[in-house]
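Counting in full-length UniProt numbering, the sequence shown runs from 1 upward without gaps.
Hints were generated in silico from the structure; no laboratory data involved. In this text, all values refer to a predicted model and were calculated from it rather than measured experimentally. C-beta atoms are modelled at their ideal positions from N, C-alpha and C, and glycine is treated no differently. Be aware that one or more of the hints could be misleading.
When the alpha-carbon atoms are kept at most 25 Å apart in a straight line, the in silico BS3-like pairs for lysine-lysine are as follows [claimed, not checked]: (1) Lys266 / Lys362; (2) Lys51 / Lys286; (3) Lys65 / Lys323; (4) Lys362 / Lys286; (5) Lys323 / Lys227; (6) Lys286 / Lys65; (7) Lys238 / Lys286; (8) Lys159 / Lys362; (9) Lys243 / Lys266; (10) Lys362 / Lys227; (11) Lys51 / Lys323; (12) Lys286 / Lys323.
So the derived label-pair ranges between C-beta atoms look like this [what the hints assert, rightly or not]: (13) Arg199 / His130: 17 to 27 Å; (14) Arg264 / Arg140: 26 to 36 Å; (15) Asp74 / Ala342: 50 to 60 Å; (16) Asp50 / Glu369: 28 to 38 Å.
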Amino acid sequence: MAPSTTAAPAPTELSADPLRALSAEGVAVWLDDLSRARLRSGNLAGLVRDKAVVGVTTNPTIFQKAITGSEVYDEQLRQLALRGVDVGEALRAVTTYDVRWGCDVLRPVWEASGGRDGRVSIEVDPRLAHDTDRTLAEARALWWLVDRPNLLIKVPATKAGLPAIAQLIAEGISVNVTLIFSLERYDAVMEAYVEGLERARAAGHDVSTIESVASFFVSRVDTEIDKRLDGLGSDEAKALKGKAAVANARLAYQHYEAVFSTERWKSLEAVGAKPQRPLWASTGVKDPSYDDTMYVVDLAAPGTVNTMPEATLDAVADHGVVKGDQVRGHYAEAQQVLDSLASLGVDYDDVVQVLEDEGVDKFEVSWNELIDSVSGQLEKFGAEVGADGSTSPAHGGPSAAGK
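Sequences are here, hints too, so could you generate the full structure?
Here it is, written out as structure tokens:
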């Protein structure tokens with residue numbers, strides 16, 4: 001169904017359960033975190049049951065923190081060391097196992113929502129962000145390895161990522177497009193999705209089974225622009241602090257409404273295609289002087305996803321005030337914020353390029369740290385094997401690829 005272009009409804013009555021109030025406004029609540037400890041303890045299932053969570057996102061930083069900060073991966077890593085696998089295979093075995101398990105926990109949500117929610121995302125190796133062909137190969141491998149219909153493959157919205165996104169959608173692989181900061185790049189992402197669906201339809205795929213979200217990053221925009229406003233130091237600059245990120249995201253939703261109401265889109269919708277939902281990512285507030293729920297409640301709009309770190313999820317549950325649709329009806333105000341920033345000399349194009357470059361770099365750093373940590377674990381367990389005289393790490397042993 002195409003997004004509505006009608007005026008925003010009046011704010012709804014305040015709810016005693018803000019997360020469920022968000023859901024009632026058409027916002028899918030997703031958790032931006034996953035770990036084996038969370039899965040083993042039943043915590044994820046509890047969040048689905050008690051806190052309206054209907055999806056999960058991961059990224060290299062999340063896996064780096066999960067795997068290096070817990071002993072729950074030791075058994076599988078020991079078995080992988082017995083097999084003598086390299087660190088790349090070990091990482092894929094470990095991360096795809098967690099994601100597969102997460103998909104299974106959320107399978108009932110996926111079924112109940114007709115495939116819309118109940119999704120778990122896994123990201124391609126961030127070192128491939130500027131290589132289209134290798135991104136495609138990695139994405140296909142992850143799709144095969146996890147082998148769950150409620151998986152989303154995360155592909156960064158770099159220039160090299162765009163053709164990969166279109167091709168994956170054309171092949172019937174559901175995609176979470178990540179690291180979107182600019183409105184121009186967001187338009188290109190939606191074009192890649194629509195083009196991919198057209199190619200999928202021409203190839204005979206059932207397009208109703210293909211799902212995609214576009215992860216538009218929020219808090220990092222304020223972090224970068226606020227830094228530049230602080231450098232200006234004027235009262236006018238100070239008055240704009242903390243406003244750019246929400247304005248940018250609101251305008252992104254305006255672009256979303258425009259794309260998914262065209263005749264071109266309606267021809268795809270007629271055969272079951274679903275709009276690529278905007279997903280608000282990076283919604284944890286970085287500046288402690290700001291309301292810690294602002295990137296959730298101020299971006300409530302129908303047909304969106306908000307993926308939150310657990311601290312933000314808890315904050316919304318505790319004291320979030322859901323005031324209905326806070327996006328439609330605010331487009332002129334949002335444009336005024338960006339115009340005011342431009343009048344002060346804040347270069348929007350430079351900001352978003354810096355954020356994209358930093359985003360790729362940060363994930364690559366996390367991935368390399370994870371490689372180093374897992375390599376150390378494999379070497380340690382391999383040495384233990386050699387010391388006790390059991391199976392050499394260079395030879396066969398029980399496989400833990402599915403452990």
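Practice task
Measure nothing beyond the straight line between the CA atoms of Lys266 and Lys362; if it is 25 Å or shorter, mark the hint as holding.
Solution key: 38 Å, violated
Problem - 25 Å limit on alpha-carbon distance, applied to hinted pair Lys323 and Lys227 - result: Violated, because 29 Å separates the two Cα atoms, which is more than 25 Å.
Exercise for the section: With a cut-off of 25 Å on the C-alpha distance, tell me whether Lys362 and Lys227 pass. Expected result: Status holds; Cα separation ~18 Å.
Handout entry: Distance restraint between Lys362 and Lys286, which requires alpha-carbon spacing of 25 Å or less
Key = With a Cα-Cα distance of about 16 Å, the restraint between Lys362 and Lys286 holds, given a limit of 25 Å.
Handout entry: Beta-carbon spacing of Asp50 to Glu369 - inside the hinted bounds 28 to 38 Å or not
Key = 33 Å, holds
Practice task
Mind checking the alpha carbons of Lys243 and Lys266 for me, to see if they're no more than 25 Å apart?
Solution key: Measuring from Cα to Cα gives roughly 34 Å; hence the hint is violated.
Problem - Restraint status (C-alpha distance of Lys238 to Lys286 at most 25 Å) - result: 17 Å, holds
Handout entry: Distance restraint between Lys51 and Lys323, which requires alpha-carbon spacing of 25 Å or less
Key = Given pair Lys51, Lys323 holds - Cα atoms ~18 Å apart, limit 25 Å.
Exercise for the section: Hint says 50 to 60 Å; check whether the CB-CB distance for Asp74 and Ala342 agrees. Expected result: Check passed, 53 Å falls within 50 to 60 Å.
Exercise for the section: For Arg264 and Arg140, compare the CB-CB distance with the range 26 to 36 Å and indicate the outcome. Expected result: 27 Å Cβ-Cβ, so the 26 to 36 Å window holds.
Handout entry: Hint consistency between Lys159 and Lys362 [alpha-carbon to alpha-carbon, up to 25 Å]
Key = 18 Å, holds
Handout entry: Hinted pair Lys286 and Lys323, Cα distance within 25 Å
Key = 22 Å, holds
Hint compliance for this structure: hints 1, 3, 5, 9 are not met, and every other hint is.
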